[in-house]
Amino acid sequence: MIHHHLSDEMILAYAAGSLSAGQAMVVACHLDICPACAARVAEAEVIGGALIADVEETAVSDDLFNQILVDVDEAQSFPEPERTGASASGDLSSSSYLDGRYVPRLLANMIGDDFAAVRWRTVGPGIRQFVLPVPSSEGEKVRLLKLSPGFVTPDHSHHGSELTLVLKGSFSDDTGRYRVGDIQDAEEDMHHQPMADTEEDCICLVCTDAPLEFKGVITRLLQPIIGI
Amino acid sequence: MTAGQLSAMLVALGEHHDRGAFRQLFDHFAPRLKSFYLKAGTNPQMAEELVQETFTQIWRKAHLYRPDKAAASTWIFTIARNQRIDRLRSEKSFVYKDEDFFASKLVSDEEQTTEVHRNELVERVSKAMALLPSNQAEIVSMAFYDEATHAEIAQKLSLPLGTVKSRMRLAFGRLRNILSEVEA
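Those sequence lines, one after another, are chains A and B.
The letter at position 24 of the first sequence is residue 24 when you use our numbering, and the numbering goes up by one with no holes.
The letter at position 33 of the second sequence is residue 33 when you use our numbering, and the numbering goes up by one with no holes.
Since the hints were derived computationally from the structure, they do not count as laboratory data.
Beta carbons: idealized from backbone N, C-alpha and C, even for Gly.
Don't take each hint at face value.
Quick look at which bits of chain A chain B covers, simulated, 3 or more residues with Cβ under 8 angstroms [as the list claims (entries may be wrong)]:
1) 111-123
2) 143-151
3) 166-178
Simulated pairs of lysine-lysine, BS3-like, Cα-Cα distance not exceeding 27 angstroms [said to hold, decoys possible]:
4) A:LYS168 to A:LYS141
5) B:LYS39 to B:LYS127
6) B:LYS127 to A:LYS141
7) B:LYS39 to A:LYS168
Same shape as in the complex, but just chain B (with noise of 0.2 angstroms):
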């Protein structure tokens, strides 16, 4: 599916509960957020767990989905990001607990952006992210995946902490042009 489709889905979800989209949602995402959730360390059947707890978040917030805001892929991350701080990394969860993007100022309003400037958007970060040199992919999945400090990937690559954070600074500083091309 297309990220655009994606977007529809979570769209028609939020609108009437359309229960075609929620299932066509959880096909997608599903085997990939029980791969998102493994990656963090957990057994199988937490995974899942938290893959069935997403879903059942999903459900709810959908009304707050805005696909001029985020594309369906994002919004969906946030919200397995902060389920994950729930259930693995609780004294965190207070912090990310009621982080509702689309209500707050959190995404300025003067910001010009459209559906599909969204959706271009994640399909063109994608393709960055593969062409990043790996010691830098390497980072930034550690960090998304693993939930790892820049201090715990300083040390299990054996690097000084400043070049953790100057490989950060390189990725993002990349990925960020992107970004700026496509909103320009």
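One chain only, chain A, in its complex shape (with noise of 0.2 angstroms):
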């Protein structure tokens, strides 16, 4: 059951196609096991529609339409995509919810289905991070980290956007509580301190776009190191 979901402004940049790569990226991870957010977007879709449907035409070359038959006609011998794409190529193309861990189909693509198998990099005391090999837009950072049970992470502050979700165990900070599935879009200027509140290790994609500044004296050394 997801309690934390995506705000009416992430829904409809997504639809619109106007979120930053790392962000679409994590949205996607989020509607994948989401119906409810999932079903906003294509809500927010039918306004995209809309635009469509009343923009002003523009007149196109007289001969496109017959480069397009040439172009379908050509197409014919390929096979067309497949209804059921989720079961189309094993497990690596659907995402998969199991033992209170989900992987989206998105990062099962990059890194397989198992976090055990992840090359964690160790970043400080309690926290692990694994940068991911996405094409990201300017300045932004996808990455899973991984917290161990009981593990504050330093107070920070953000100059950006940190967008979170949650694949393994929980986290809580002031705003609540978030379990697998959860998704925390930390604004700008917000401070808080996630800590993973339960006996297993949290994993989560984040999202971030700027470095995050950290609020004691000591953390601010360390930030360089740790590199987040």
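Relying on the hints, combine the two individually framed chains into one complex.
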């Protein structure tokens, strides 16, 4: 059961295609597990359709349609996409939600479906990360973060935004408790100290669009080393 | 053509690659899609290439179209949006690439809607869009046509980011109210 959903402005931006690459990826991973938000995206797409229906017309070249017919006749020899995309090529094309962990399809395509096989790098006490090899937008980073049980991340604020999707375990901060499938959009100027709040590791997919700024002197000194 | 007729054309195209239906869909949507791509900042030649690619996709994917899940214009918008991302913003094409709303759980099955509802929805949303306060309509159109992020919109309009987000929320809220009226 998902308790933390996407905001209306994120839904609208995803439907418009106007989110940055990393944010779009995290949003897509949430949509895969959250039918409620997916239905809202479908609603927002109605707006896109209405805009296309109402836009002024621009004349197209006379032979454009014939060129398209040539293209589709050539394409006839290739197989068409199957209706059931999810089951077409085995496990890696579909999201798996097993044993209290969630591996989104987009992620499984990159890292497989086993978090234990990820090449985690320790970045500080109780915190490990794996920076995902995704083509991100400028200034943006998408990573997996693994917090040890009871580990409190240093108090930090954001210049930009931090979009977090829980994939395993759970964390809590002042705004609530986040469990598998929940998404948090930490706004600019927000201070928070997420803490993995059960006996197990908490694994999250996180997109940041500017380096995080930590509050304490020690953590600020650590920051260039930690690299978050 | 009405939304209902366009849906019927798309179904005919999906069922037996009806070329007459394909031509009618082209006549209706191609000049609009060309405007859509021009608004994204392409030159006329590239806009036509994108229209050409979009219609090839429509031909190939029409059998996936479900009239009870989306109006023709909604479905074609998603294909056009993905095509635009593929060509102009390829860094995020991996997210939108294989998206197939009708095969996945993205549109939940328990949602009781019909084709008539879907098409009525588009017409009412169109009317409601025209009634949005201009400062909300402007932001919605910058997001959908210019593909501007919230931060870019804030910068272009010299507005605080929070104002951009709240206007988007208000616009979407208003349109969603209309949607729930139709579905009720």
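Structure-based check of all given hints:
no.	hint	in the structure
1	111-123	violated (count 0)
2	143-151	violated (count 0)
3	166-178	violated (count 0)
4	A:LYS168 to A:LYS141	20 angstroms, holds
5	B:LYS39 to B:LYS127	21 angstroms, holds
6	B:LYS127 to A:LYS141	40 angstroms, violated
7	B:LYS39 to A:LYS168	42 angstroms, violated
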